[in-house]
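Model the full structure from these sequences, guided by the hints.
2 protein chains.
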Amino acid sequence: MIRPTPAVEAIPATVPFVGPEQLMRESGRSELVRLGANESAFGPSPKAVAAMTAELARLSWYGDPESLDLRDALAAKHRCSPEQITIGSGIDDVMGLAVRAFVAPGATALTTRGTYPTFNYHVIGYGGRLLYAPYCDDGTLDLDALLAIARRERPAIVYLANPDNPSGTFARRDAIERFFGALPHDSLFLLDEAYADFVDENHLLPPVFDDRIVRMRTFSKAYGMAGARIGYGLASVATVRTFQKIRLHYGINRNAQIGALAALGDEAFCDRVVRETALARDDYYALARELGLGCLESTTNFVCIDLGSAERATAVVNDLLERGVWIRKPGAPPLDRYVRVSAGTPEMRRAFAQAFRAVLAALPVEAL
Amino acid sequence: MIRPTPAVEAIPATVPFVGPEQLMRESGRSELVRLGANESAFGPSPKAVAAMTAELARLSWYGDPESLDLRDALAAKHRCSPEQITIGSGIDDVMGLAVRAFVAPGATALTTRGTYPTFNYHVIGYGGRLLYAPYCDDGTLDLDALLAIARRERPAIVYLANPDNPSGTFARRDAIERFFGALPHDSLFLLDEAYADFVDENHLLPPVFDDRIVRMRTFSKAYGMAGARIGYGLASVATVRTFQKIRLHYGINRNAQIGALAALGDEAFCDRVVRETALARDDYYALARELGLGCLESTTNFVCIDLGSAERATAVVNDLLERGVWIRKPGAPPLDRYVRVSAGTPEMRRAFAQAFRAVLAALPVEAL
Chain A
1 MIRPTPAVEA IPATVPFVGP EQLMRESGRS ELVRLGANES AFGPSPKAVA AMTAELARLS
61 WYGDPESLDL RDALAAKHRC SPEQITIGSG IDDVMGLAVR AFVAPGATAL TTRGTYPTFN
121 YHVIGYGGRL LYAPYCDDGT LDLDALLAIA RRERPAIVYL ANPDNPSGTF ARRDAIERFF
181 GALPHDSLFL LDEAYADFVD ENHLLPPVFD DRIVRMRTFS KAYGMAGARI GYGLASVATV
241 RTFQKIRLHY GINRNAQIGA LAALGDEAFC DRVVRETALA RDDYYALARE LGLGCLESTT
301 NFVCIDLGSA ERATAVVNDL LERGVWIRKP GAPPLDRYVR VSAGTPEMRR AFAQAFRAVL
361 AALPVEAL
Chain B
1 MIRPTPAVEA IPATVPFVGP EQLMRESGRS ELVRLGANES AFGPSPKAVA AMTAELARLS
61 WYGDPESLDL RDALAAKHRC SPEQITIGSG IDDVMGLAVR AFVAPGATAL TTRGTYPTFN
121 YHVIGYGGRL LYAPYCDDGT LDLDALLAIA RRERPAIVYL ANPDNPSGTF ARRDAIERFF
181 GALPHDSLFL LDEAYADFVD ENHLLPPVFD DRIVRMRTFS KAYGMAGARI GYGLASVATV
241 RTFQKIRLHY GINRNAQIGA LAALGDEAFC DRVVRETALA RDDYYALARE LGLGCLESTT
301 NFVCIDLGSA ERATAVVNDL LERGVWIRKP GAPPLDRYVR VSAGTPEMRR AFAQAFRAVL
361 AALPVEAL
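Protein chains in written order, with the numbering used here: chain A, 1 to 368; chain B, 1 to 368.
No lab work stands behind these hints: they were computed from the structure. In this text the structure is predicted, and so the values were computed from the model without any measurement.
Okay, derived cross-link-like pairs now, EDC-like style, lysine to aspartate or glutamate, Cα gap no bigger than 16 Å in a straight line:
id, chain 1, residue 1, chain 2, residue 2
1, A, 245, B, 9
2, A, 245, A, 83
3, B, 245, A, 9
4, B, 47, B, 266
5, A, 47, A, 267
6, B, 47, B, 267
Restraint-style ranges between C-beta atoms, simulated for each label pair:
id, chain 1, residue 1, chain 2, residue 2, range
7, A, 50, B, 333, 44 to 50 Å
8, B, 364, A, 1, 54 to 60 Å
9, B, 25, A, 106, 41 to 47 Å
10, B, 175, A, 50, 46 to 52 Å
11, A, 1, B, 25, 46 to 52 Å
The beta-carbon is built from N, C-alpha and C at its ideal position, and this holds for glycine as well.
Structure (structure tokens):
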């Protein structure tokens, strides 16, 4: 009889994000208005598409295991050395490397309850123990609560998504600098900046390449390449060398490398996506006001709308799905009374608004 | 001061495969005749390219985390259930899952010294201990030696690449059935069938979905999609559920899923690649005969040519690189006296033959 290792057997079977493809199968639908995964509704840069199209015939070649050209371009962008950059198949991959490298079995890792859950998936998967701080009631990250726990427990990793998912809220540079400066010196600061491209660069932490911090970026959001699976970590040379000992050297799609490089060269496209995304947020704010609902001010490509209770928010997500509109909602208090809707094209926003109004109007009294 | 976990610190920094992109940088060349990584010289199926081209604009969507459509198609091909299939970003990824799931720190894993090294990379990376059997002198896998060690040491995993890389040799169905039947019941048989598409299906192990075996397949070789990073494991439902607890759910490129599905629907293309590959092998055999060199009979898309000594083989690889032809060579005896050249197009074979003849003619006497 063959059994997995005790460590792997101890991992509970969890249902990760249910994908829209599975929801479509279950509901018999052939399409959905996809507003549930914070994918870009504005697609990849046409320059990236052209570069990838031109190279598809050479997809029989492995990608460069060192992503040399892409790391050179990213080093120029972030004013660092290519030796301070690890490429991964999305932030999820880089995050897994950080947890595997720095969280020993039984060690602790600190996060905010209800924030991006894949960090937790990795911590549990590598036998770590999770510590949680709550969100503030207003949906912002409680940096003071995180700091208090960090200073008491000295966790191996302190994880922060900033801008945050699923709240969309953001802590500015000075607050993050104070936070990082006050962390215990043996805690690694794992800063998930998936949505940083939607923020004015002056409000972000400047480049810092210290053994105590790993910052993660992605081409999945503003660059519109979620399906390519390509992201990266900015870290010290020593940390990148550590990742080099455990990463999947041939894990990155060759066309993802080529598309990412071309996308970096099309800043005008990325700027347009950021502007379009701001318009989408404004539409959602206006819709919420029209319907007498609150919402969280977002610095990302999604907005959380307050439905007043978790039950009501869940009912709205389910009813929208029945009308062919796919969104998600946060799972843990205090955010679980919100629904989260991704920035769509104007057409997708109209479809959402129409379905959302109808769902709210039809919501049974007991769900109010 | 932040340090990696003791387990990760203990992993030696190794140089994995050096990619041709790095060799090009170091040598200042803008192109190489790529015959070093057993990539398909015949590209991906035009149907796969068409399907991927049509979907590039939707690369802003994440791929389906469950690869539902692809697993359905693979289940039909392998006469099994989709619940018996795990999709990974290449065999390397699936192999990492198997090692992580079944090789506890300090446990042993058995392989052949000098065969595909990424298995070793994972075993060392997860704190396992490697046991080695040698190749037979004729370059075939020594199944008896592997069995003797397996029965004595009861390793957590017994790894076999069949057809083998880098030798290109192959053990037929009856030998593999006897081997699997004689393994200790607590050893997992990890069967790497990356090159199985080049073999007559009747010579392969028939479908078997037992907790004691994981078979791995890929779209990187006959399907010509190495750059896509997509492969899969065929295993028991229980093992697939175990992988589900630790795999990167959003690790697969969406276009890789789409291309793989289209490639499965183009058997005629795959058949043509297999025929072209056989012609390439014949060319290499004839070239070796012409030059008075031996070679190993291959069932794969590469051929090993005998240079008589490791020094001479190394010199030939280096000299070919100086002439713009990139091949590799096995690193461990008894295969280290061979060079390994991948099946190229007729044009690439001519370029190789010309450079190979010139290199041999120019080889200094002390290397003979």
